[in-house]
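Model the full assembly from the supplied sequences, consistent with the hints where possible.
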Amino acid sequence: MSIRVQFMGPLATTLRARETELAGEAGLTLRQLLDRLETCYGPEFTQRIYRTLAPPRRLQMHTRIFVNGNAVDDAMLDAPLPTAGVEPGSSEVLIYFMPGASGG
Amino acid sequence: MGTPAGNGQAAQEDRWIPSACTICYGGCSILAHRVNGTLVKIEGNPASPVGNGRICAKGLSGIMILYDPNRVNYPLRRTNPRKGIGIDPGWKRITWEEALEEIQVRMEKLRAEDPRQLMIQVTTTLAPSSLLFFTFGWAFGTPNMWVAGGGIHCGNGAHAVGGIMHASWSLVPDFKHCTYALYFGASKGHGAGHAATPNMEQAADARARGMRMVVVDPICNFAASKANEWVPIRVGTDAAMALAMVNCLLNELGIWDADYLKTKTNGPYLVRPDGTHARDPESGKPLVWDAATGAARAYDDPAAKDPALLGTYEVAGEACRPAFELLKEHVKRYAPERAERITGVQAATIRRLAREFGEAARVGSTIVLDGVRLPYRPAAAIYFRGAQGHKNSSHICFAIDLLNQVVGAADVVGGALGFNPVCHGHPETGRPRYVPRAERDGLMTPGTWMLPHLPYPPAEPRHPDSMGFIELFPLSHVSPLMASADQEQWWQRFELPYRPKMLLNYGANSLMSVGNKDTVAETLGRFDFVVSFDLFLNEFSDFADIILPDASYLEVLDPRPNFPFIFNHPAGPGTWGWPIRQPVVPLTHERRSAREVLLGLAYRMGLGPEMNMALNVFYGLDGPQMLDPKKAYTFEEVADRELQHKFGPTHDLAWFKEHGVITWPKTMEEVYWRPFVDVRVPIYWEFMLGLGEKIRRIAASRGMTFDPAYYSPLPEWLPCPSHEVEDAAYDLYAFYYRDVLHTNGFTMENPWLDEASRMDPYSYRIALNTETARRRGIRDGDTVWVESATGRRVSGRVKLTEGIHPEGVGIAACAGHWSRHQPVARGKGVFFNELLEVDYEHTNPVNLNLDLCAKVRVVP
Amino acid sequence: MRYGMVIDLKRCFGCYGCQVSCKAEHATPPGVFFARVVKRETGTYPNVRKVYLPMLCMHCEIPPCEAVCPTGATVKRPDGIVDIDRELCVGCRYCMQACPYEARYFNDRARWYFGAQGPTEYEALGYAQHPVGVVMKCNFCAHRLEHGQLPSCVVTCPTKARTFGDLDDPQSEVSRLIKERCGEPLHPELGTGPSVYFLPA
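Protein chains in written order, with my numbering: chain A, 1 to 104; chain B, 1 to 860; chain C, 1 to 201.
Calculated from the structure, these hints are not laboratory results.
Ideal placement from N, C-alpha and C gives every residue a C-beta, glycine not left out.
Keep in mind that a hint or two might mislead.
[As the list claims (entries may be wrong)] Not the full set, but computed from the structure, chain C residues with beta-carbon under 7 Å of chain B:
1) CYS15
2) GLY17
3) VAL20
4) SER21
5) THR44
6) PRO46
7) VAL48
8) LEU53
9) ARG109
10) TYR113
11) GLN117
12) GLU121
13) PRO158
14) LYS160
15) PHE164
16) HIS187
[Unchecked claim] With a Cα cut of at most 20 Å, we get these calculated SDA-like pairs of lysine to any residue:
17) C/LYS179 <-> C/GLY165
18) B/LYS109 <-> A/PRO56
19) B/LYS285 <-> A/THR14
20) B/LYS109 <-> A/ARG16
21) B/LYS285 <-> A/PRO56
22) B/LYS332 <-> B/LEU718
23) B/LYS828 <-> C/TRP112
24) B/LYS109 <-> B/GLY600
25) C/LYS76 <-> C/PHE164
26) B/LYS285 <-> B/PRO649
27) B/LYS262 <-> B/ASP300
28) B/LYS694 <-> A/THR52
29) C/LYS160 <-> C/VAL51
30) B/LYS285 <-> B/GLY442
31) C/LYS39 <-> B/ASP780
32) C/LYS160 <-> C/ALA201
33) B/LYS631 <-> A/ASN70
34) B/LYS285 <-> A/THR52
35) B/LYS694 <-> A/LEU53
36) B/LYS694 <-> B/PRO708
37) B/LYS92 <-> B/ARG77
38) B/LYS631 <-> A/ARG18
39) C/LYS39 <-> B/MET759
Okay, structure coming up:
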C-alpha cells in the first residue's frame, strides 16, 4: 500500500516539508505510521501531534489528521489504515496542525 | 421604531430577521426589524436561549453603529510616510483592487522570506468571529496572532483555571439552585461578558428566589450594589482572603467534602517530601494510601477502597502525605488576622463569610432532579476580571476556586458551574459532542477548548519562536510581549530569528486597549506595513498604511456565534441553542466583510489548500462536508457545510437563515455532569513543579527570571508591583471596571450609549471615596490628575462616592478617545490604560497576564 | 380597564436597557427620554446602597398635565393611557410644569445624534412622527398594544423587572404583584394616582 502524507499549515513550515510518500504493509495503523514519521522528523513533529510525549499519547486538540477525507480521533489511532485513497490500494493522510491564539 | 412608514406610504417590506448581536462577545440572539430596507429596531429573539428575547442597552443601540456617518466607506491609503500619535496619515481613497494588489505583493514577499514576519491582531469585541482570522494566520504559517488587550487583561488566568478545574472558559453560580454566591471581582449576571444578557435574567431570578450574594470588590457597582453584602477589599489581594477562608473551613470549622475530595480530586494522592507525587514504580501512576488495607495503591486501583486524605505514610522509605493534608497545612499560613493586614477585610468578617459559605454548601446533601439523585451543594465562589487581572493571576483564581473544591460545589446542583463543559449533541446527529476526560494522572482535560493547547496537561515548554513567547509559557494564551516596552530586548536575548514586519489588524484599537499609549506606539512603529479592517478610523489608525472598510455585525454571516458553548452560551439548566448571525441589511458604499476579503486573499495568494484545511480543522468539518483542499469556496458555502455537518442536510444555511436558531433540551447529565464523568481535578498542582523548572531552564540563561513561588503547587498570595511601591506619596490603587454600557473602547462612539453614559454618575468619571477626597480637598466634579508611581498620568472629573474602598481609584475602561474620526466618543471618559506598564516585570510568569492595577496619587 | 406597569426594583440593576429600548422604539431625538434610569447612592462607606430608579410617564388617574392643557391635546384614554394628540398640541408647555415626574419633553427644533452630519437613515424615517413645536411623552407604546405586543421596555428588560397589565383586574399579574410585594407608586402623596408601581429592592 502506498501512503501519501501531506503536512499542512504551520506544520509544513516547522518540518520544512509539505509532502512525503511511504510504503506500508496491510494492517498498518495510524499510530505506527506516526511513529515512522517521528523517526524521520523527530520530536518537532511529535510535539505537535500529541498532547504529551509521555504515554498515553493523545492527539492535540487542534492537530487534525484526515485519512481519505475523514477526521481521525484517538479511538481510531490503532485501527488499520483503510486503503481507499484516490488511487486504488493507496491511502491519503493529511496532517494539519494549528498553533493558536484566542481571548475574550 | 413604532411607525416606521412615517411618510404615510404602506410598507412594501416589513421583516423581522433573526441574527446575533456582536457589540460584545456575548453574542446574544436578536431579531432585526427591517422596513423598506431600513433597519428600524433591534429586539431580542424569544426563540433563542441566548437571551430569551431580552437584549441589553448595547445590543439595542446597534442601529446607531450601522448608520453612523463616521464609518469608513472606502479603502484608504496613507500619503504621509510619518507615523505617530496624532500625526495625520493624509488618507487618500483608493480602489479595492489597488489595496488588495499592494497587500498581496507585500504578503507574498514576506511569506517567501519567513511567514512569521506577519502578525495578526484582532479585537476581543469580535472574539468569536475573529477566530476565522486565525485560520488565515495558520494557512499563512505565522504563529504571531493575538487578541489585543483581551487575553492579557481578562483571560489568561481566569480561563486557564476555568479549564483546569471546570473544563470551561468561565464560571457562574448555578443561578437556579445556588443559595450562597460569593463573587470576587466579577459581574456575572450584572453587566458585560460571556452570555451577558442571559446571565442578567438568571441572576435576577436568583435574587428574586432569595439567593444570598456576597461581593468582594474594591468598588460597589453592578454586582455589589445588588448583593446582600458588599465586602470592600484592597485592590489585588483577593487570593489572601480566599486562602484565609479555605483555612477557616479546613482548620477552624472542619468543613470539607471528603467523598468529593477522594473521588473527584487529587486530594488523596500522596506527596513526597520534595513536593512530587509518590508514584507506582511500574505504571508511574500517583499513589494513594488505602486506609482499608493499610497499603499504598495506584489512585485508580479498584482495591483502594478508602483513600486517606489526612495522615503521614511511609512509602519507599519516605514520609508521604496526601495532597489534601498538605493543602490543609499550607493554608494555616493564611490566618484571618494575617489576611486582614493584606486585604483590609476584618478577620471576623473573613471567619463569618467562611462559616456562611461552608454551611450553605450543605456538604453531604443530595437532591432529586428529573428522578435522579444528585449531589447538592448550593454555594459557589466566582471570580473574573477584577480578581484575576493581577500579576498573581493564576494563584488568585486557583485560591478562589479551592473554596468550591473543598466543599464539593463544582459542577453539581447549586454550585459553581463552568459554562457548558459537556454537550451530547443534537438528538438527530449527536453533534456537537464533547465531554471532559481524564488525562495524565487521571486529571481532567476539557472536552473542547478555545485554543490549540489545552490547559492540562500543559504542553512541553519550548524555546520560543513566536513574538509573544507563548511556547515558553504553555499556560498562557495571549502575551503582552506582542506590544511591550521590552520586547526587542527579549527577542535579542532569545535570538528570535526574525522581526515582525507586517501587521494585519481586525478591528482592534490596540493603541488604547493594551496599556499606556507610548509603549504601544513604539511597538507599532516597528512595522513596515500595517493593514487594518475597521468600521471607524481610530487612534490606532494613525499607524496604519491601508484601511479596509469592514462590514458591521449587522451586515455579515457567521455560522456559529455561540459555539464553542464553553465560551458564551448560557450555562446551567435550560435549552441548547445554536443561532446564526446573518446580514440584516445589504452592504452599502464599498464596505466588505473582512472574512470574505481574507478568504479571497488566501485563494488569490495560492493558499487555498492551506486555508481550506485550516477551515476544516477550525469548524471540525469532515466526511461529505469536508472542504476539498483543491477547490475555492465562498464563505456562504463554508457556513452551509458547517451547519449541515452539525445538524444534518435538512438544517442547511437556507434553513438557518429562515429560522435563525436550532434548539434542543439540555439534560441533567450535561448540566450537572461532575458525578457522571470519571475525572478528577487538582487541588494540588504537582505539575507546576516540573513545568516551572523546565521553563526556568530555558529562560534563566537568557536573563528571564521569576520567583519560583509562582509555580508552587498550592496557591499563595503574591504582591503586585503596585503593592511594593515605597514612595508614600503614591497612596492609592487605580483599577478599572467594565461599565454595563460599554464594551472595551468601541461603544463610546455610539450616541445612545454615550448619552446614557453622560447621564450616568460614574461612566465617564473617576470614582473616589468621599472621605479620601475630602482629606485632599477634592470636591465632586473637580478635574484631577491621576499620576502613577511610574510617571504616567491621566486626567478626568471626579465622582465622589461612598461605594469605593478608601484606597481605590475606580475608572470605567477604556474611554478617553482623542481621534477626530470618532466625534461622539472624542474627549469622553478617562483613558485608564495610560496608567499601565506593559513589560515582563508587570506580567504573570505563569500565564502572562498583565498586571492591571497601578499605585497612584490624585492631584488637582 | 386600566393599563399599568409594575417595576421590580429587586430585579433592576440599572442597565439602561429600558432607556435605550424606548429610544429605539420611538426614535426620540437627543435629550428626550420617554424612559430613563436615575441612579442615586445612599448610606456611608461601607454600608452603601445604590438606588436604580427607572422612570417613565406614570399615567396618573388624575393627570395634572391634562388639567392644565388648554387645547385638550393631553387626554386620559379609557384604557388608562395618558396620551397627547399632536395635532391639538400648541406647545404651550404648561403640562411640562405641571408634571411632577418630569416625564414630558418639548421638541423645540429638529435635532439628531450626529449633529451637523445630519440625520441617519433611521432618524430621517423615525423623526417624521415627532413634529417640531409639540410636547412628547411615553404612551405605554400604544401602537404596540394595538398589535397585541407589550411595551418595548417591558419586552427588552434583561432582568424581567417590568410587568404590564390591567390594574382594574384583581387577578392580573400586576395587581397580584402590587398586593403580594407591597408595590407603591412614586410620590403617592401628590394624589395623582399613578399607574406605575415599584416593588421594593
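So, going through the hints one by one against the coordinates:
Below 7 Å, beta-carbon pairs count as interface contacts, and C/CYS15 has one with chain B at about 5 Å; its hint therefore holds. With a cut of 7 Å, the hint placing C/GLY17 at the interface with chain B holds, because the nearest CB-to-CB distance is about 5 Å. Hint status for C/VAL20: holds, given a least beta-carbon distance of 4 Å to chain B, under 7 Å. With 7 Å as the threshold, the beta carbon of C/SER21 comes within range of chain B, its nearest partner Cβ sitting at about 5 Å, so the hint holds.
Annotation: interface hint on C/THR44 holds; nearest CB of chain B at approximately 5 Å, less than 7 Å. Because the smallest distance between the Cβ of C/PRO46 and any Cβ of chain B comes to about 5 Å, under 7 Å, the interface hint for this residue holds. Contact between C/VAL48 and chain B, as hinted, is supported at the beta carbon level, the nearest pair being about 4 Å apart and thus within 7 Å. Checking C/LEU53 against chain B: minimum C-beta separation of about 12 Å lies over 7 Å; hint violated.
The interface hint given for C/ARG109 is broken, as the beta carbon of that residue sits about 17 Å from the closest beta carbon of chain B, more than 7 Å. Proximity of C/TYR113 to chain B holds as hinted, the smallest CB-CB distance being about 4 Å (cut-off 7 Å). Given hint, C/GLN117 at the interface with chain B, holds; its Cβ is 4 Å from that chain's nearest Cβ, closer than 7 Å. Of the supplied interface hints, the one on C/GLU121 holds, with its beta-carbon coming within about 5 Å of a beta-carbon of chain B, less than 7 Å.
The interface hint given for C/PRO158 is met, as the beta carbon of that residue sits about 4 Å from the closest beta carbon of chain B, less than 7 Å. Contact between C/LYS160 and chain B, as hinted, is supported at the beta carbon level, the nearest pair being about 6 Å apart and thus within 7 Å. Because the smallest distance between the Cβ of C/PHE164 and any Cβ of chain B comes to about 15 Å, over 7 Å, the interface hint for this residue is violated. Evaluation of the C/HIS187 hint against chain B yields a violated restraint, the C-beta minimum of about 21 Å exceeding 7 Å.
Simply put, C/LYS179 and C/GLY165 have alpha-carbon atoms about 14 Å apart, close enough for the 20 Å limit, and the pair holds. Under the criterion of a C-alpha separation no larger than 20 Å, the hint pairing B/LYS109 with A/PRO56 is inconsistent with the structure, at around 42 Å. Proposed proximity of B/LYS285 and A/THR14 is contradicted: the alpha carbons are some 33 Å apart, above 20 Å. Simply put, B/LYS109 and A/ARG16 have alpha-carbon atoms about 18 Å apart, close enough for the 20 Å limit, and the pair holds.
Straight-line distance between C-alpha atoms of B/LYS285 and A/PRO56 comes to about 12 Å, which keeps the hinted pair within the 20 Å bound. Using a Cα cut-off of 20 Å, the hinted pair B/LYS332 and B/LEU718 holds, with the two alpha carbons roughly 16 Å apart. A C-alpha spacing of about 19 Å is found between B/LYS828 and C/TRP112, which places the hinted pair at or below 20 Å, so the restraint holds. Straight-line distance between C-alpha atoms of B/LYS109 and B/GLY600 comes to about 18 Å, which keeps the hinted pair within the 20 Å bound.
Restraint check for C/LYS76 and C/PHE164: satisfied, since their Cα atoms lie roughly 18 Å apart, inside the 20 Å limit. In summary, the hint linking B/LYS285 to B/PRO649 is not supported, as the alpha carbons are separated by about 46 Å, beyond the 20 Å threshold. Simply put, B/LYS262 and B/ASP300 have alpha-carbon atoms about 11 Å apart, close enough for the 20 Å limit, and the pair holds. With a CA separation close to 14 Å, the supplied pair B/LYS694 and A/THR52 stays within the 20 Å bound.
Simply put, C/LYS160 and C/VAL51 have alpha-carbon atoms about 17 Å apart, close enough for the 20 Å limit, and the pair holds. Taking the CA atoms of B/LYS285 and B/GLY442, the gap is near 9 Å; set against the 20 Å cutoff, the hint holds. For the given pair, C/LYS39 sits about 16 Å from B/ASP780 by alpha-carbon distance, which is consistent with the 20 Å threshold. Of the pairs offered as hints, the one joining C/LYS160 and C/ALA201 holds, with about 14 Å between alpha carbons and a cut-off of 20 Å not exceeded.
About 17 Å separates the Cα atoms of B/LYS631 and A/ASN70, which keeps this hinted pair within 20 Å; it holds. Our distance criterion of 20 Å between C-alpha atoms is met by B/LYS285 and A/THR52, whose separation comes to about 15 Å. For the suggested pair B/LYS694 and A/LEU53, the alpha carbons sit about 15 Å apart, so the restraint of at most 20 Å is met. Under the criterion of a C-alpha separation no larger than 20 Å, the hint pairing B/LYS694 with B/PRO708 is consistent with the structure, at around 12 Å.
With a C-alpha separation of about 5 Å, the suggested pairing of B/LYS92 with B/ARG77 holds against the 20 Å cut-off. A threshold of 20 Å between alpha carbons decides the hint, and for B/LYS631 with A/ARG18 the separation of about 18 Å falls inside it, so the pair holds. Taken as a hint, the C/LYS39 and B/MET759 pair is honoured in the structure, with Cα atoms around 9 Å apart against an allowance of 20 Å.
Consistency with the previously given hints fails for numbers 8, 9, 15, 16, 18, 19 and 26, ordered from lowest to highest.
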